[in-house]
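Trainee: These protein sequences, in sequence, are chains A and B.
Reading the first sequence from the start, the letters are residues 1 to 71 in my numbering.
Reading the second sequence from the start, the letters are residues 1 to 221 in my numbering.
Don't take each hint at face value.
As the list claims (entries may be wrong) - Here are some chain B residues the structure puts well away from chain A; computed CB gaps all over 10 Å:
#1 Ala18
#2 Glu34
#3 Gln74
#4 Glu84
#5 Leu85
#6 Arg92
#7 Tyr132
#8 Gln141
#9 Pro153
#10 Val183
#11 Pro209
As the list claims (entries may be wrong) - Example chain B residues on the side facing chain A (calculated, C-beta under 7 Å, incomplete):
#12 Ala57
#13 Pro72
#14 Ala73
#15 Pro77
#16 Ala88
#17 Thr91
#18 Ile202
#19 Ala214
#20 Gly215
None of these hints come from the bench; they were simulated from the model.
Note that the Cβ used here is the ideal one computed from N, Cα and C, for glycine as well.
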Amino acid sequence: MSVDERHVLQQHQVTLLELVDRVLNGGVVLSGDITLSVADVDLVYVGLRVLVSSVATLEEQRELALEGALR
Amino acid sequence: MIHVYGIVDELDSLPPLAGVDDAPLERRRVGGLELVVSRLSGRASSEIPRDAVLRHAEVVEQLMSRSRAVLPAQFGPDFGDEDELAAAVRTRSRELERGLSRVRGCVEFGLRALGEPERAEAGPAASSGAEYMRDRLAEAQRRDRLLAEVHEPLARLSRATAVSAGASGSRFTGAYLVPAENVASFREAVLRVESTHPELTIVCTGPWPPYSFAGDREDEA
Numbered sequence: 001m002s003v004d005e006r007h008v009l010q011q012h013q014v015t016l017l018e019l020v021d022r023v024l025n026g027g028v029v030l031s032g033d034i035t036l037s038v039a040d041v042d043l044v045y046v047g048l049r050v051l052v053s054s055v056a057t058l059e060e061q062r063e064l065a066l067e068g069a070l071r
Numbered sequence: 001m002i003h004v005y006g007i008v009d010e011l012d013s014l015p016p017l018a019g020v021d022d023a024p025l026e027r028r029r030v031g032g033l034e035l036v037v038s039r040l041s042g043r044a045s046s047e048i049p050r051d052a053v054l055r056h057a058e059v060v061e062q063l064m065s066r067s068r069a070v071l072p073a074q075f076g077p078d079f080g081d082e083d084e085l086a087a088a089v090r091t092r093s094r095e096l097e098r099g100l101s102r103v104r105g106c107v108e109f110g111l112r113a114l115g116e117p118e119r120a121e122a123g124p125a126a127s128s129g130a131e132y133m134r135d136r137l138a139e140a141q142r143r144d145r146l147l148a149e150v151h152e153p154l155a156r157l158s159r160a161t162a163v164s165a166g167a168s169g170s171r172f173t174g175a176y177l178v179p180a181e182n183v184a185s186f187r188e189a190v191l192r193v194e195s196t197h198p199e200l201t202i203v204c205t206g207p208w209p210p211y212s213f214a215g216d217r218e219d220e221a
C-alpha cells in the first residue's frame with residue numbers, strides 16, 4: 001500500500017469514528033428509556049490519538065522518500 | 001419493535017434502501033410531525049450493532065437530500081409499539097418543531113484541535129501557592145486565546161455551535177451548524193485556522209446531518 005493510499009484509508013477511519021460517535025451520542029432522544037449509551041466515552045478521541053501519531057509518522061516517511069528522490 | 005431514524009419536514013419520497021435488519025422504511029405522522037421508521041421483527045435487532053448503526057446513518061443521510069429538514073434520532077432505544085411512539089412524540093412535539101426550524105437549511109461540521117498545550121517555561125513544578133495560581137491563570141489565558149482564534153471565526157459563520165474545550169485530552173472539540181450558503185466560507189475559515197496554528201492538528205469533518213443540534217443542548221451562535 002502506498003503512503004497516499006494509507007492516508008486515504010486513515011481519513012476513512014476518522015470519518016467512520018466521527019459518524020459512529022454522532023449516531024450513538026448525538027441525535028434527538030425520543031424515549032427516556034435509554035438502553036444503549038456510550039455518552040461519557042469519547043470514541044473519536046480514543047481513535048484519533050492512535051491515528052494522529054501514525055499520520056505524523058507517514059508524513060516523515062513521505063519527506064524522507066522525497067528527499068531521496070530529489071538527490 | 002419500532003426503530004426511529006428521524007423527524008422530517010417535507011420529505012419528497014422515501015429513499016430506495018431498506019432500514020435496520022433490511023426492514024422496509026415507513027412514514028408515520030404524529031400530530032403535525034412526520035417520522036421515518038422501520039419495524040424490527042424480534043425484541044432486538046438481529047444485525048450486529050455496527051451494521052445497524054451504519055444503516056441508520058445511511059438512511060438519515062439520504063433523508064437529508066430528500067427533505068427540507070431532518071432532525072436525526074439517536075440510535076436506539078426502540079419503541080415497543082405505535083402507541084408508545086406516538087405518546088413520546090406528542091409530549092416532545094414543541095421541542096421537536098423548534099429543533100426542525102433550527103436545523104432547516106443547515107449542515108453540521110465537526111472540528112477537533114489536537115496538540116500538546118504550549119508551556120510557558122519548562123521549569124520545575126510550581127513550588128509555591130502563588131506560582132501555582134500564576135500557572136493556572138496562564139493556562140486559562142491560553143485556553144481563552146485558543147477559543148478566540150480557532151472557535152470564534154467559525155462560530156461567526158454558524159447558526160449555532162456546541163463546544164467543549166479540552167474534552168478528553170483534545171485541546172478543543174466543536175460542532176458547527178452551518179447554513180448551506182456559508183459552507184464554502186466555513187471551509188476557507190478552517191484552512192486559515194490550520195495555517196495560523198501549525199502547532200495544532202485540526203481535524204474537520206462534514207457536512208453531516210445535524211446530529212449535534214437535534215436536542216436542546218447547544219448554545220446559539
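Trainee: Hints first: check each against the structure and report whether it holds.
Mentor: Verification of the supplied hints:
1. For B/Ala18, the condition that its CB be more than 10 Å from all CB atoms of chain A holds, with the nearest at approximately 17 Å.
2. Every CB of chain A lies more than 10 Å from the CB of B/Glu34, the least distance being 14 Å, so the non-interface label holds.
3. With a least beta-carbon separation of about 4 Å from chain A, B/Gln74 fails to lie farther than 10 Å from that chain, contradicting its non-interface assignment.
4. Against chain A, the non-interface label of B/Glu84 is violated: not every CB pair exceeds 10 Å, the least being about 8 Å.
5. Its closest Cβ contact with chain A, about 8 Å, brings B/Leu85 to no more than 10 Å, contrary to its assignment away from the interface.
6. Remark: the non-interface label on B/Arg92 conflicts with the geometry, its nearest Cβ contact in chain A lying 7 Å away (cut-off 10 Å).
7. Every CB of chain A is more than 10 Å from the CB of B/Tyr132 (nearest about 27 Å), matching its label as outside the interface.
8. Every CB of chain A is more than 10 Å from the CB of B/Gln141 (nearest about 24 Å), matching its label as outside the interface.
9. With a minimum CB-CB distance of about 21 Å to chain A, B/Pro153 clears the 10 Å threshold, and the non-interface call stands.
10. Its beta-carbon lying about 17 Å from the closest one in chain A, B/Val183 satisfies the requirement of being farther than 10 Å from that chain.
11. The claim that B/Pro209 is not at the interface with chain A is violated, since a C-beta of that chain comes within 10 Å of its own (minimum 8 Å).
12. Annotation: interface hint on B/Ala57 holds; nearest CB of chain A at approximately 5 Å, less than 7 Å.
13. Interface restraint check: B/Pro72 against chain A, minimum CB-CB distance 4 Å, threshold 7 Å, status holds.
14. Checking B/Ala73 against chain A by beta carbon gives a least distance of about 5 Å; that is within 7 Å, so the hint holds.
15. For B/Pro77, the suggested interface contact is upheld, since its CB lies about 4 Å from the closest CB of chain A, less than 7 Å.
16. Interface hint status for B/Ala88: upheld, as the beta-carbon distance to the closest one in chain A is roughly 5 Å, under 7 Å.
17. Because the smallest distance between the Cβ of B/Thr91 and any Cβ of chain A comes to about 9 Å, over 7 Å, the interface hint for this residue is violated.
18. At a threshold of 7 Å, the smallest CB-CB gap from B/Ile202 to chain A is about 11 Å, leaving the interface hint violated.
19. A cut of 7 Å between beta carbons decides the hint on B/Ala214: the least distance to chain A is about 4 Å, and the hint holds.
20. With a cut of 7 Å, the hint placing B/Gly215 at the interface with chain A holds, because the nearest CB-to-CB distance is about 5 Å.
Consistency note: the structure conflicts with the earlier hints numbered 3, 4, 5, 6, 11, 17 and 18.
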